[in-house]
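Dock chain B against the given chain A, drawing on the hints supplied.
Read off the chains here:
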Amino acid sequence: MIDKPVSCWVEKERLNSKIVDCLTIILRTRGCSWRKCLMCGFSISANVSEDDLKKQIDFAISKYGVRDVVKIFTSGSFFDDREVSRGARDYVYSLVDKKLIVESRPEYVFNCDCFDLGFELEVGIGLETSNDFIRNVCINKGFTFEDYERAAEYLIENKAGVRTYLLLKPPFLSEKEAIEDCIQSIKDCLKYSRTISINPVYIPKNTYIEKLWKAKIYRPPWLWSAVKVLRRAFSEIKSKTNNKTNKNEVCIICDPVGAGSVRAVHNCGKCDKDISSAIRKFSISQDIKVLENLKCSCEKTWRKYVNVENTARFNVISELGGE
Amino acid sequence: MMSYNIKLRDGFSKLGVVKIDGESFQTPGVIPFEKLKNLNSRVSLKLKIIDERRFEVLRVKSEIFIFNTPLDNPFDFVSLLKDYLLNNKEFRVFYAPAMATAYNIPILSYFGMDIFDTALAELAAELGIFMTESGNINASKIKENFCHCSICEKEGEEVLKNRELLKEHNINLMMSRAKLTRELIRRGELRNFIESEVKHSTFYTAALRLFDGCWDKEHPFQRFKKSKAIFCSQESFSRSEVLYFLKRVEEVYEPKTKVALVLPCSAKKPYLLSKTHSKIRQKLKGINKSVNEIIISSPLVTPREFELCYPACNYDVAVTGSWGEDEVEFVSKKLVSLLKNFEIVGGYVSGGYRKVFERACKMAGIDGIILDDLEEVKKFVEKMGEKHFDLYLEMFKAVSNYQFGCDILSWIDSRKNKVKVKGKYPEIELFCGKNRVARFDVSRGMIDIYIPDFFKKTEYKVEIEDFKPKGTIFAAGVKKADFSIKPGDLVGFFGENWKGVGIARISGREMEDLNEGYAIDVKRVEKNLS
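The listed protein sequences correspond, in order, to chains A and B.
For the record, in the first sequence the residue sitting at position 80 is 80 according to the working numbering, with numbers rising by one throughout.
For the record, in the second sequence the residue sitting at position 234 is 1234 according to the working numbering, with numbers rising by one throughout.
No lab work stands behind these hints, which were simulated from the structure alone.
Fair warning: there could be bad hints in the mix.
Once the Cα atoms are required to be at most 25 Å apart in a straight line, the calculated DSS-like pairs of lysine-lysine come out as [unchecked claim]: (1) B/1167 / A/270; (2) B/1285 / B/1256; (3) A/211 / B/1082.
The structure displayed is predicted, hence computed values, not measured ones.
The shape of chain A in the complex, shown without the other chains (with noise of 0.2 Å):
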């Protein structure tokens, strides 16, 4: 098993404007040397060889061939060499061709061996949150915003670009908070950003979120905070970069990890399909006209949600039955 990756598939991602195939390899890695954030469902596995980890990238290539993009997620960092080796990581940038996507936490980043390999680099940084109290104390990061912006200045200074992650509504925020926080952290590491990723919470099997949602003292986020989020932040980045050209523009995009889902991002379930495939198509075209005008009767249950939840601090609709 430990010579097959845990997923491989196909999708869309946006080159230079452009939208083309990118190969989506999840690696199966001995595991993130943190592991210690709450939402985190990533067990560790067992010692995976250099040999190991060739022959997972040969499986997907022999399956889909090598796209314009490749994008390869370890669930840590792919530069802790005790997560990739040296050899297993060189083996990967002699098979890209335009790009190549991957993720690091801050502290591995300067630990990156493939600037000017011809190639453009994308290095994703699990943020989360610009907040450091709500990232330390909520999430349990273990790093700093001070730490995520010498790690992103790095890269910059390399040519390389940033993929900001955010995690929409982290345990103990309400609906209300996390909306704000999103928005917020959106606007702080705007200028680091080549593209700032939302991720609203999935609530994995056997996890510390986990409980607090069976406890119901926690409701994974509506599929319209995801998208008011997101209609901010495009508006936000429109009036950050008006006078630029189209080319340098951030990228906000969302991926409705299980939408629809009671353990994921979710609505009424009457609209999830519709709400969820429109941040989707948002997310590649970058055409906010894809979110407008969405229509459901539960946005104006979401909006009631939203404010007596910041009050109540745990599922409100669970307690008239619902979910």
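Just chain B now, with coordinates in the frame of chain A:
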């Protein structure tokens, strides 16, 4: 800014007026959510159970205590109630955010919640949910709008389709339930009411049972009450006042003889006024004072001496003649604990009563004698010698011990005075020479005391500021009060120049802690010359 003025307590429920930002609201009461939405505790109380460390870091304290927990697990709910109502004595106004429905307001009030909001009424309307007194229903599934609130009266079936109207209906019903709750508190009948109300929900039934199991010296249940106790459910057996009565009687019971005659209860209270009991006493005229009578009922077991004490003096049970196994077991056990005082035990009992009698005798290791008719009862009593006692004096002795932990007869004796009982049962009074010392307050099931100094030896004394009390003593005028004092207790109060007797409206701790609101209803005042 918030202030709270308690007018009356019934257990944990409080009748009062809360002032929030200059606006007054009656409690228990429903306040529009808009007016409360700035209250913020950051995290649910339930986090305390899951992660106490983070709870302490994140929880924000507020003047109004936000009791915010989902109502899904009765164990968690009751453990939080225990933490914040019982163990933590700090006085608080409790706000239950987004928890109230038309159904649960009386129940949550019983559990000590003071303030409710309209959040769920509004949210429910958005979801097409029609609130009723017994639970929520999907409005679209209702065939005929059965509600007669002002909006349903006017709009009829339209309410079921229109969200705005639905919201008004939901709020109307919640308001009316809050009013009903306040009325029940005034009448002292909230417990009777909620014992049947919880049956609509497994959650609340379980929560009530679990909550009844929580005991604390300062539990603010009323030991004496004007309202009739209705014992109709399993939960009636675990009422604080029932458990207290049974425990307290066992503690203070000192029968005069070594012979017990066990009798069945009667529908009329006090028992002595009933046809069956007066017939028995008629038969035993002249000899009945040589045995101690114990009356068995469900769930009470009452020595005759305590029959004027609440709840024995004022209760009702559903009588069908058949006793459930649980009842037999419960009552037998309670009877056993009294039988240990006796050497000879006879029982004029049949049916379920006989089952209880036989089981109790077996458990106690006593050869209980079954007496089949009044002749046999008479023969049984005649054999028992000549040890006579005055029942009414024994009643004063027993109930004063029960109520104050201090026997009024010995207190008078110690002053070398002769005592006498006057009056027609049950309105009996205790005289010392020409002075009335005490009487039975039959409406509350307790002894009323006429001499304030008696309280000095008891826990039921309150120290007040120097003023002449009239009508009511406010909490602000209380200097010191014993924490054993429960709402409804008879207390003696002492100031520098005035002393007297009154009835506590709130608990002793609250009298000390609060700066406003009623503390004691004054019954009598006199100059303090000591």
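Run the distance test for residue 211 of chain A versus residue 1082 of chain B: straight-line Cα separation, threshold 25 Å. Holds, because 22 Å separates the two Cα atoms, which is no more than 25 Å.
Can the restraint linking residue 1285 of chain B and residue 1256 of chain B be considered satisfied, given a maximum Cα separation of 25 Å? 18 Å, holds
Given pair status - residue 270 of chain A, residue 1167 of chain B, alpha carbons within 25 Å: Holds, at about 23 Å.
When each numbered hint is compared with the structure, no violation occurs for any of them.
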